[in-house]
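Chemist: Each chain, written out:
There are 2 protein chains.
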Amino acid sequence: MKKQDTAPQQHLITTTPFPASRKIYVSGTMHPEIKVAMREIQLEDTTDSYTKKKTPNQPVTVYDTSGPYTDSAKNVDVHNGIERIRESWVVKRNDVEQLEEFSSTYCNQRLKDKNLDHLRFNHLHKPKKAKKGKNVSQMHYAKQGIITPEMEYVAIRENQKLHEVKQLSKQHTGQNFGANIPDVITPEFVRDEIARGRAVLPSNINHPESEPMILGRNFLVKINANIGNSATTSCIEEEVEKAVWACRWGADNIMDLSTGDNIHETREWIIRNSPVPIGTVPIYQALEKVNGKAEDLTWEIFKDTLIEQAEQGVDYFTIHAGVRLSYVPMTAKRITGIVSRGGSIMAKWCLAHHKESFLYTHFEEICEIMKAYDVAFSLGDGLRPGCIADANDEAQFAELETLGELTKIAWKHDVQTFIEGPGHVPMHMIKTNMDKQLEACGEAPFYTLGPLTTDIAPGYDHITSGIGAAMIGWYGTAMLCYVTPKEHLGLPNKQDVRTGVITYKIAAHAADLAKGHPGAQHRDDALSKARFEFRWNDQFNLALDPELAREYHDETLPAEGAKIAHFCSMCGPKFCSMKISQEVRDYAAKKEIEASNALEEGLQEKAAEFKEKGSEVYL
Amino acid sequence: MKKQDTAPQQHLITTTPFPASRKIYVSGTMHPEIKVAMREIQLEDTTDSYTKKKTPNQPVTVYDTSGPYTDSAKNVDVHNGIERIRESWVVKRNDVEQLEEFSSTYCNQRLKDKNLDHLRFNHLHKPKKAKKGKNVSQMHYAKQGIITPEMEYVAIRENQKLHEVKQLSKQHTGQNFGANIPDVITPEFVRDEIARGRAVLPSNINHPESEPMILGRNFLVKINANIGNSATTSCIEEEVEKAVWACRWGADNIMDLSTGDNIHETREWIIRNSPVPIGTVPIYQALEKVNGKAEDLTWEIFKDTLIEQAEQGVDYFTIHAGVRLSYVPMTAKRITGIVSRGGSIMAKWCLAHHKESFLYTHFEEICEIMKAYDVAFSLGDGLRPGCIADANDEAQFAELETLGELTKIAWKHDVQTFIEGPGHVPMHMIKTNMDKQLEACGEAPFYTLGPLTTDIAPGYDHITSGIGAAMIGWYGTAMLCYVTPKEHLGLPNKQDVRTGVITYKIAAHAADLAKGHPGAQHRDDALSKARFEFRWNDQFNLALDPELAREYHDETLPAEGAKIAHFCSMCGPKFCSMKISQEVRDYAAKKEIEASNALEEGLQEKAAEFKEKGSEVYL
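Respectively, the protein sequence lines represent chains A and B.
Here the first sequence is numbered in full-length UniProt numbering, starting from 1 and rising by one per residue.
Here the second sequence is numbered in full-length UniProt numbering, starting from 1 and rising by one per residue.
No lab work stands behind these hints: they were computed from the structure.
Owing to the predicted nature of the structure, the values given are computational and were not obtained by experimental measurement.
We put the beta carbon where it would ideally sit given N, CA and C, even for glycine.
Hints are not guaranteed to be accurate.
Residues from chain B shown here face chain A by an in silico Cβ test under 7 Å; the list is partial [said to hold, decoys possible]:
1. TYR106
2. GLN109
3. SER344
4. ALA470
To be clear about the criterion: a stretch of chain B counts as covered by chain A if any three or more of its residues have a C-beta under 8 Å from a C-beta of chain A, and this derived list gives those stretches [to be verified]:
5. 74-84
6. 301-310
7. 426-438
8. 457-463
9. 523-537
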């Protein structure tokens with residue numbers, strides 16, 4: 001069952017660009033050196049079915065998380081890692097120093113181990129760290145009024161060039177539950193949101209390969225994809241490709257949840273090749289170091305793990321510091337007890353030692369590490385419910401209150417912080433989670449796993465959870481952690497990752513639409529217009545998954561001619577409503593005068609109103 | 001591309017029973033002859049991980065739509081059709097007559113056509129019809145205070161034997177938005193709901209094979225699966241198997257949307273073998289009869305089609321009688337115009353003739369046909385939005401008002417009626433649809449297609465719509481029309497049907513949970529308990545799709561030993577939170593006294609509370 005770990009092979013990495021798409025790079029104004037990557041989808045012309053006149057359709061620019069892998073002009077070599085775009089920005093701030101060697105004992109042991117040479121990333125960079133007394137977090141800069149290149153980057157990125165769209169269609173007014181989303185995101189708005197703690201820009205100074213992105217309820221809803229090998233399966237090359245693959249389909253963040261062998265080395269490969277921020281749960285690796293015995297965990301081992309990972313470039317740490325000894329008994333009567341791995345590890349530690357969690361007691365020391373590298377907190381919900389019955393219980397909300405207290409401590413240190421949330425929650429109990437989180441945690445971004453809205457569909461938990469994710473995203477959650485079809489059953493393969501990512505892109509986008517995020521409807525409108533006009537290629541190319549859309553279409557109508565056919569296999573040529581609808585338009589265009597005259601002949605009801613509008617019918 | 005139609009072959013029909021399940025039949029009290037089919041899932045014992053003591057788990061009974069196909073004691077021969085369980089009930093009422101021949105001209109033409117002999121259903125039954133002056137609708141009986149066997153059947157069916165469950169766990173209080181769901185459904189409650197028009201029991205007297213089911217917001221949320229061949233693909237045997245297959249996975253209703261050749265014969269095969277009610281859109285077939293030219297449609301052709309289908313046993317007709325001439329111009333500025341096939345056909349007819357729709361003008365005549373066979377109205381939303389931009393517009397709601405008027409006319413004739421709804425609607429605009437429908441249509445059941453909550457994911461529209469379906473189900477929709485992954489792209493194959501059905505079972509069940517439907521949480525709790533106790537087989541067997549759950553698990557851990565392993569491939573043996581959580585329980589059980597003493601030593605916070613509960617920790 002277990003495969004041998006090996007270094008990644010270049011040919012396994014997916015680098016195909018998206019169809020009819022080109023990478024574009026938008027430069028900064030305040031920071032002209034920044035180049036914000038976006039994807040521009042070219043569209044075909046619209047042909048008027050009556051006059052046959054052609055009208056061009058403006059290309060659609062979309063948010064792009066895929067990094068250099070989809071840029072045919074770039075040559076990516078995973079053995080070197082991708083371009084370190086933020087490195088000069090970090091250095092220019094003059095508040096970091098380059099260390100001569102890694103600070104973590106464990107890291108240095110691994111580096112000296114010759115047996116690992118064959119799977120090591122070859123071009124290790126020396127780690128950077130804040131100069132003594134300096135704080136290099138984006139929150140720290142923000143509070144000082146500094147707009148960093150990272151901040152301008154995300155402002156440009158969030159806007160998606162929508163202000164350049166001619167005739168941007170009017171979209172529905174959303175219901176945003178108190179979010180405050182401006183029409184155009186300015187760098188100053190980004191700075192202000194980060195300073196208030198309402199947004200997080202994950203950006204470890206040792207992960208300069210990452211393209212800046214922002215989490216917050218006043219920005220586009222983001223998604224996270226979990227990858228990671230485990231003790232029973234997977235190997236490094238698969239994990240690197242899974243990360244690249246997840247970004248390709250739209251993951252804004254990746255969490256590396258590896259628990260098997262060689263996770264230090266696997267992580268290095270992933271970070272060096274990841275265009276998106278990387279999160280981890282350091283307690284998993286710490287537990288490896290004590291051979292899986294939770295009781296044997298110590299603050300010293302955990303601290304060394306934090307430093308090890310911070311110097312590799314992990315952008316955020318899930319830390320279950322809210323699992324307090326006194327909360328553990330509250331889970332005793334649950335159907336599924338504690339289902340968070342980190343939560344159960346810490347609960348076991350607390351009970352075994354009859355002591356308060358060292359994550360809680362050493363929280364300020366952890367903050368000191370975080371701010372020296374700009375690692376953000378993802379405060380873990382170790383007591384999240386693992387089934388519908390356990391939703392919104394005493395244990396869950398007790399922990400949430402503690403996460404709120406810890407948020408305030410983190411903010412005191414200018415450490416960026418977001419909060420993890422459930423889990424398994426029936427639909428009608430989802431909103432309470434959002435409301436309580438906003439209140440307890442001072443509007444720090446919320447980051448939820450689903451939630452799953454029923455427990456009865458293992459094999460389809462991307463869907464049970466996609467429903468909850470869309471809803472909680474609408475209510476104000478900043479990032480949605482994906483769930484794949486394999487949840488509760490096994491480790492996701494590449495297709496599962498793709499399915500999970502696309503499902504969560506759907507949830508995030510549905511949430512943006514419902515919040516009334518400015519311009520969110522643009523892509524929907526462009527795709528729907530293409531659909532109505534039977535521009536099949538445009539319909540595929542504008543889709544979240546162009547390849548699958550085309551594949552499904554071609555299963556029944558494979559011929560290229562069918563791509564311009566004014567019908568599809570669902571109804572056939574005679575029954576297509578869109579075709580008939582188009583015929584109605586054409587018919588009315590020809591018979592305009594007759595049509596309005598006819599009304600006078602027979603119909604009384606609404607005749608006046610119809611007549612008034614008659615000259616406009618289908619013109 | 002086009003396959004030859006042939007009669008179905010027995011071996012193509014799926015008859016495998018579900019794992020660890022047996023069919024049970026619950027008898028009636030008022031009507032002892034009725035036998036309500038349910039599925040009982042056997043569970044393994046719970047083994048206490050500390051004492052090793054075994055405790056049995058009560059079997060879980062679930063709602064079962066799969067008909068005789070999953071009963072290993074029954075031998076189904078598709079050439080004879082399935083058992084006609086309702087036939088004697090219908091005859092006993094003494095208000096129907098058996099006709100010597102079919103009343104529809106078209107039907108008789110087809111019967112005389114020797115070229116169709118090879119694909120004809122062989123054991124045609126003579127049609128039944130209400131005796132002159134009689135009304136055989138369930139609504140008519142209900143208004144007279146008669147509780148039919150059909151009504152008692154659905155009462156027993158809805159209760160799912162939940163009142164027999166020992167220790168039914170307490171479930172969350174739901175939010176039901178004004179629904180009124182009793183703890184136990186009585187036959188009298190069913191009657192009353194049907195009499196008020198708030199529920200529909202589709203039950204054409206010519207489809208006695210159908211196992212009674214009910215649609216209404218005070219009952220379990222139901223789902224519909226569309227099948228049907230089209231002019232470009234598919235054949236009879238595939239369609240029959242698709243119907244059986246859809247019921248297997250949980251479809252409560254089937255709509256046969258065939259538009260290709262031989263749809264009369266295909267429909268006969270489907271109805272004779274369908275344990276669930278069948279709906280159609282008669283205008284599709286009527287359009288076939290005029291070679292696809294909407295302008296050539298006449299009331300006479302349509303009427304003959306209604307009679308043809310009513311005598312075959314179609315349980316409900318989608319009729320787009322709300323598409324009035326004056327509403328057509330309201331769709332002119334939409335991005336996707338009219339996307340309902342029926343709607344666009346009628347719009348074209350109205351414009352071509354400059355006349356009010358014959359469906360509208362002949363509505364009372366249609367009612368006369370409906371009540372002679374107990375066909376229910378599914379009043380079609382021909383002007384539903386086809387994209388996010390067009391949601392909740394003037395055209396849509398104008399039609400809804402008309403559907404409300406027509407509902408009142410139908411009710412005057414005691415014709416059972418439900419109302420079709422959208423479509424494509426962003427999340428925050430979904431509830432308005434439900435609220436307006438309840439008001440305009442006097443609480444007649446709502447039956448929606450999704451709605452899709454974004455347009456940008458063709459290939460995944462089961463998910464974009466599953467989100468909206470779950471929400472609108474929660475708000476009060478009685479039946480959710482499924483959407484498959486092929487929506488907008490092609491005709492669903494068997495796997496697409498399965499995916500669509502399971503997705504919608506998820507949506508319906510998530511809605512039941514959120515409404516607080518009594519006992520809805522029972523299956524969730526049973527599955528979650530099995531999950532926590534690592535009863536893998538029970539976890540699979542309780543799932544909506546046991547086969548897929550097992551398949552996914554076995555992909556990474558195929559050995560039978562892994563089915564009792566206290567971990568899974570996701571985390572591996574050392575990291576499994578459930579295993580650790582169990583260890584915490586065991587540990588605490590052993591160290592009970594130490595655990596409570598320890599608190600006194602150091603921790604102040606919550607100490608009193610913890611101590612008080614201390615003796616209960618993980619016992």
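Chemist: If a hint holds in the structure, say so; if it doesn't, say that too.
Modeler: Results of checking the hints against the structure:
1. Restraint check, TYR106(B) versus chain A: the minimum CB separation of about 18 Å is more than 7 Å; hint violated.
2. With a least beta-carbon distance of about 20 Å to chain A, the hint placing GLN109(B) at the interface is violated under the 7 Å criterion.
3. With 7 Å as the threshold, the beta carbon of SER344(B) comes within range of chain A, its nearest partner Cβ sitting at about 4 Å, so the hint holds.
4. Using the Cβ-Cβ criterion of 7 Å, the hint placing ALA470(B) at the interface with chain A is satisfied: the shortest such distance is roughly 5 Å.
5. Coverage of the stretch 74-84 of chain B by chain A is violated in this model, with 0 residues showing a Cβ closer than 8 Å to a Cβ of that chain against a need of three.
6. Look at the stretch 301-310 of chain B against chain A: 0 of its residues bring a Cβ nearer than 8 Å to a Cβ of that chain, fewer than three, so the hint is violated.
7. Check on the stretch 426-438 of chain B: 4 of its residues sit with their Cβ under 8 Å from a Cβ of chain A, so the three-residue criterion for coverage holds.
8. Coverage of a stretch by a chain is defined here by at least three residues with a beta carbon nearer than 8 Å to that chain's beta carbons; for the stretch 457-463 of chain B and chain A the count is 6, and the condition holds.
9. Only residues whose beta carbon comes within less than 8 Å of a beta carbon in chain A count, and the stretch 523-537 of chain B has 8; three or more means the coverage holds.
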